[in-house]
Amino acid sequence: MNISTTTSSERADFRASLRNFFEDISPESRVREVIASGSGLDETVWRGLATDLGVSGLLIPEEFGGQGMSMAEMAIALEEASRAIAVVPLLATSVLAPLAIQLAGDTAANAELLPVLADGSEIMTVAFLDGAGVGTVARDENGWSIYGSKTAVLNANVANRLLVIATTPTGTGLFLVDAKASGVVVTPQNSLDLTRPTSLVTFEGAAATRIGAEYSEASQVLNAFGRIAVSAEMLGMSEKLMEVSVEYAKTRVQFGKPIGAFQAIKHRCSEMFAHVESMRAAVEAASLVDPSDKAVLHEQALVVKAYSARFAPWIAEATIQVHGGIGFTWEHCAHLYLRRVKTDEILFGDALACRFQLQQLLGLSA
Amino acid sequence: MNISTTTSSERADFRASLRNFFEDISPESRVREVIASGSGLDETVWRGLATDLGVSGLLIPEEFGGQGMSMAEMAIALEEASRAIAVVPLLATSVLAPLAIQLAGDTAANAELLPVLADGSEIMTVAFLDGAGVGTVARDENGWSIYGSKTAVLNANVANRLLVIATTPTGTGLFLVDAKASGVVVTPQNSLDLTRPTSLVTFEGAAATRIGAEYSEASQVLNAFGRIAVSAEMLGMSEKLMEVSVEYAKTRVQFGKPIGAFQAIKHRCSEMFAHVESMRAAVEAASLVDPSDKAVLHEQALVVKAYSARFAPWIAEATIQVHGGIGFTWEHCAHLYLRRVKTDEILFGDALACRFQLQQLLGLSA
Amino acid sequence: MEALLAELREFLTKEFPAWSAKWPDGELWEAKLDWQRTMAEGRWSTATWPQEFGGRGLGTMEMLAIEDVVAQFGVPQIPGMIGVKNVAPTLMRFGTEEQRKSVARIANTDEFWCQGFSEPGAGSDLASLRTRAVIDGDEFVINGQKVWTSNGMYSTHMQLLARTDPDAPKHKGISAIVVPINTPGLEVRPIKQINGGAEFAEVFFTDVRVPVANLIGPLNEGWNVTMTTLGHERAGVAVFAGRLEQRIRNLIEDVTKQDSPVSPVISDQLAEHYVESRVLGMMGAQMLAKIADGVAPGSESSVIKMVWSELSQQVDTTIMQLSGVEGITGDDNDAKSGYLSARSATIAAGTSDIVKNIIGDRVLGLPRD
Amino acid sequence: MEALLAELREFLTKEFPAWSAKWPDGELWEAKLDWQRTMAEGRWSTATWPQEFGGRGLGTMEMLAIEDVVAQFGVPQIPGMIGVKNVAPTLMRFGTEEQRKSVARIANTDEFWCQGFSEPGAGSDLASLRTRAVIDGDEFVINGQKVWTSNGMYSTHMQLLARTDPDAPKHKGISAIVVPINTPGLEVRPIKQINGGAEFAEVFFTDVRVPVANLIGPLNEGWNVTMTTLGHERAGVAVFAGRLEQRIRNLIEDVTKQDSPVSPVISDQLAEHYVESRVLGMMGAQMLAKIADGVAPGSESSVIKMVWSELSQQVDTTIMQLSGVEGITGDDNDAKSGYLSARSATIAAGTSDIVKNIIGDRVLGLPRD
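Chains A, B, C and D are the protein sequences, given in the same order. Start counting the first sequence at 1; every next residue gets the next number (the numbering used here). Start counting the second sequence at 1; every next residue gets the next number (the numbering used here). Start counting the third sequence at 1; every next residue gets the next number (the numbering used here). Start counting the fourth sequence at 1; every next residue gets the next number (the numbering used here).
Don't read these hints as lab results, they were simulated from the structure. We put the beta carbon where it would ideally sit given N, CA and C, even for glycine. Some clues are possibly wrong.
[As the list claims (entries may be wrong)] Pair ranges (Cβ atoms, derived):
no. : chain 1 : residue 1 : chain 2 : residue 2 : range
1   : C       : K101      : B       : S292      : 57 to 67 Å
2   : B       : A108      : C       : S263      : 23 to 33 Å
3   : A       : T251      : C       : P17       : 54 to 64 Å
4   : C       : L219      : D       : K170      : 28 to 38 Å
5   : B       : D24       : D       : D138      : 48 to 58 Å
6   : A       : Q360      : D       : E2        : 53 to 63 Å
7   : C       : G74       : B       : E10       : 35 to 45 Å
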């Protein structure tokens, strides 16, 4: 991958323009409209990200119409989009899909697929989690066919094409499947996260194109990027929830004073702040790791995910607690964040699973 | 065992007389004197417990000069003695030793040993924990001889005779060894607990008398009683520490008000109270279990120990936190309790070890 | 006691299948009302009421035993619980002769009552409520807003707490008033919760007029009138404690039946829940034993409430963790909705912070802030 | 920077073995003082002092790099740290010409300073201190008591904070005053801690008289005089963060070398400590990078202090747990004394409660109580 990294002051500018963008066109009221519509996609935001801000192409080299940037910039986009709980397939289409393709090292696939991702003209998603008790296998039957099922496929309901990680006769491969192909069934799930619908995708001999060769190592690197990406999302949401909690604590009066004057509330807010600052340090450090140093990337990704997946849900839960009854209502934003945070917690392994992998790296586990 | 249980109002009277006794003759100043003397035994308190209050004989049948009572009464004595951090071998000599002997079901041993325990004329202790990396074995060499070492032997420095649980050629046995016998070396340890010195006891072919027959099942029952006993101790200490903390929180003024008015302190005290009440319920329930129902006894003992070993240390630590700097001084009582609580936490298995055994009972562990 | 429970078992063995046959969809509102009428006819829902009001005059322990048997049969909860458990006892004790006529109608679902307590500005600090009731001739004129009114959408009447003397100290100057829900000026709107349910409502009062005769108990004594009967609920936490213990036993049994073993860390976490729930259950049992001995429960109910709410929330979080991907995709919808619903455990009926304040202030005698 | 560190390495390679040869028992007080003199002669302990005071005029980053190298060599900490790090900078900035003469003597251990701040009634709430200094002619007459005075037993001088205007608001009316320890009326008693150590002292003042010329900075401005130089210590927490991360790495390495594997639950707990310490280390590194860029650190130091103190306490508790029976019998005395000592981590230099208040009040702008 041919990437460059901006300076921290350039990144601050980038963050400011994203924040303005989302505040303008994706306020919470708009998010709720899109959720109610059931479409699972805010077209306006998506077009804006692709065309005005170039976010869809951040991780795509300039030769393929992208910006040729690093995870350091994409982390900011993920933070800001999640802060706004925007209903766009940013993680699936602009992070996982272009990285999955590039990690396959297939020149033809890069040339075909990266440009349509960079300009946002096509929505793709990566199907990486096997359905319960069902693996996904690829068979070479005069061309590849996929059998099995994938669960929790992000934004599959709006995707044109699916990148499927499947078991091959000799290992693991990455495959491109048309979402409308015969033998592909996309069934929307009753997802916890209302801003990012997931689907069960079943394959019954769906025709597929293989991208690149053996993919098992690439799949590990993709997981590492995935962990950093969802951690950035959790950071953006946690920061927002902390701000919402602090604001409420300043204004809500009970027993004759703002509740933020009570230590139980004040200290909860201070702990939120400490966790947000910690997550920020960890996401920044992980997103600046040189991706060619795979061992370091793997370790840092596990650390940041283990931390975020443990404390971001705590912050979302504490936000409801600080708000009391009002935080438990559908109308309050807290649950929208809680739902998305809990989803990020699980994707690419929860905190316990990441710590288990770290134990292995540290020689603690047999 | 021939035991009877008192009513709860009789037990309340018993508690009151014990509380008075310890407040009178074992105030903290006295405890510190005995600690400083290095003797590890407050003779006055010990005599009083044996002769005035009959505590040494609580768990010993009347036919052997004891009171023929149950763990329900002994739990109260352990709570009150530990509340006063009295420097007496109550756990070792009046709980573990008589139970160890009676569990062996050896009529002659009962007749010989229980009366001198009941009247407090002899101090015995039970050596049950193998020294690091060294087992304790008994060999039949024209009479039994013991080899190996035991660690953390409570009050061994003042004991006349030791009850040793050792591996026999066919299983496990209980053995009586004279503390002054040739081949027995008692080495005082640098114990954390200043009120209940432990020793390393090494045996190099020390002559021993076997009590009863195969002891492996009895040893399990003894462990269960041990767990209930140290939980009762932790309850007594936790209650005292809570009271000390609450008292301090009412009087210590910072930032213009008593610190107990600050929620951080108030809620810490409320949590202490909740844990103390929980421990009280658990100790009471466990100490009222019919000992002949071994499965129930085993389970309840694990539950009460798992709970107490987790939260009593927290209470002792929180006491220091509530007190700030003064709680970190040698002169404040907190560390004397912390040291004894942490010791009780470890004896008969810490919370994690007890939970592991519970997992096995629940079918959770392979 | 045994004869009583035998009678109950016989009753349920006969009536529950009959009701199930009559109502294939037991979740229907009408079906639930019908079940409540059946339970009232048998004088089981109202067993603690005095006989002259159609009850059996039983004590708390008997009622708890009855509830246990009822739970074993798996019959639905009666929908008018608040009326039966909270409102009716208040009316029996403080109500006028006219008001007491509601008691029988509450039992047989002719009337369905809610309680108008919490307000947007008065949640944890309930006594700071500001809904006003001003006497104008022989009527109260009520203005203000209530929130978190359980069953507000289905009720015919409200037991309202309103401020009748704004100059009195916070806990004084509050009165309890009967307000028919169909009174002009009163509007009820459902509150949708984060789990999608809507068991609560907001209620708005704009110049709502009811007769002064609707006052329950003395004027300006509504706080005491209401808190006295809230005490009836106290023993309930002991039952909650036992149920949570059973729930954790069931969860662990389910886990042991799974094909793939869980992580040793989760296993230990389940054992931790088990230990805490066992101890909670012991506290609950001892509290019930005290009640059975005629001793009024003291601080136990606050401690049990505090431990129960935190533990039950943790258990739902653990279940969600056990469900993994199935929890976020809705393939295990019970885990998902249990997790979301459990967020209220440490908020409803006094947040954990408030319970800790109460223990600190009232039990430990710590200085108030 | 590299040349500087090379010079330091050369210095330590020569001087440390020489010192070790001279003092077979490096724990002796005289040995430690001798090492401090050696470090001062090399201008390494005083590297951040301006050159005119015998320093090297270096910045924070260089000092941290120096401390890293010093730590690598495993040389003892200098005993007069408080004088060198806290008192001397204050005297250089606010002291009279006479007072500044102490600076060189602090470096070479001719003078040994402590700071008299905390009082029995003024711990977390330091500004409520009540030790009085009343001007009587050209002397202060001092009465009161200090507590938790680090190195109080070994000091020749104290930088005292005393109240000189009892009518002023809490943070005003406090002055900083030089008090020689041998002044009549002053008594120092050691405070024994729960781990058996006695690095702190109580100091009693009974009509202690010192010249008004001993005032440091303006009268009644002692709070600002002192807090300004306390700021010098701030960057230190970043170093603590890095050291805790390393400590946890070492602990895990030791555990992996054990013969018997630890429980999977403890393994997970160690991994949890590892994750938190790695993140803490990242925060520390980013804070240092900011300082290196000339940006003043803001709220980071409070957050790092809070996380550090809780995590380091947890780690010592885990070590005690790993030691099991050996911890309570003293067979693993490091675990035991580490556990006891760690109780002060959440108390010393601001309790965790106070740090959370500071973050809430100053960083988040929450209303003060």
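Task: Status of the given 54 to 64 Å range, CB of C:P17 versus CB of A:T251 - done: 55 Å, holds
TODO: Look at the Cβ atoms of B:D24 and D:D138 and judge whether their distance stays inside 48 to 58 Å.
DONE: With a Cβ separation near 57 Å, B:D24 and D:D138 satisfy 48 to 58 Å, so the hint holds.
Open item on the list: The hint says 35 to 45 Å between C:G74 and B:E10; measuring C-beta to C-beta, is that right?
Closed with: Holds, at about 43 Å.
Task: Range agreement (Cβ of C:S263 with Cβ of B:A108, hint 23 to 33 Å) - done: With a Cβ separation near 52 Å, B:A108 and C:S263 fall outside 23 to 33 Å, so the hint is violated.
Open item on the list: A range of 57 to 67 Å was offered for this pair. Does it hold for the Cβ distance of C:K101 and B:S292?
Closed with: 58 Å, holds
Open item on the list: Taking the Cβ atom of C:L219 and the Cβ atom of D:K170, is their distance within the range 28 to 38 Å?
Closed with: Taking Cβ atoms as reference, C:L219 and D:K170 lie about 47 Å apart, which means the hint is violated.
Open item on the list: Does the beta carbon distance between A:Q360 and D:E2 stay inside 53 to 63 Å, or does it fall outside?
Closed with: Since the Cβ atoms of A:Q360 and D:E2 sit about 37 Å apart, the hinted range of 53 to 63 Å is violated.
Of the numbered hints listed earlier, those contradicted by the structure are 2, 4 and 6.
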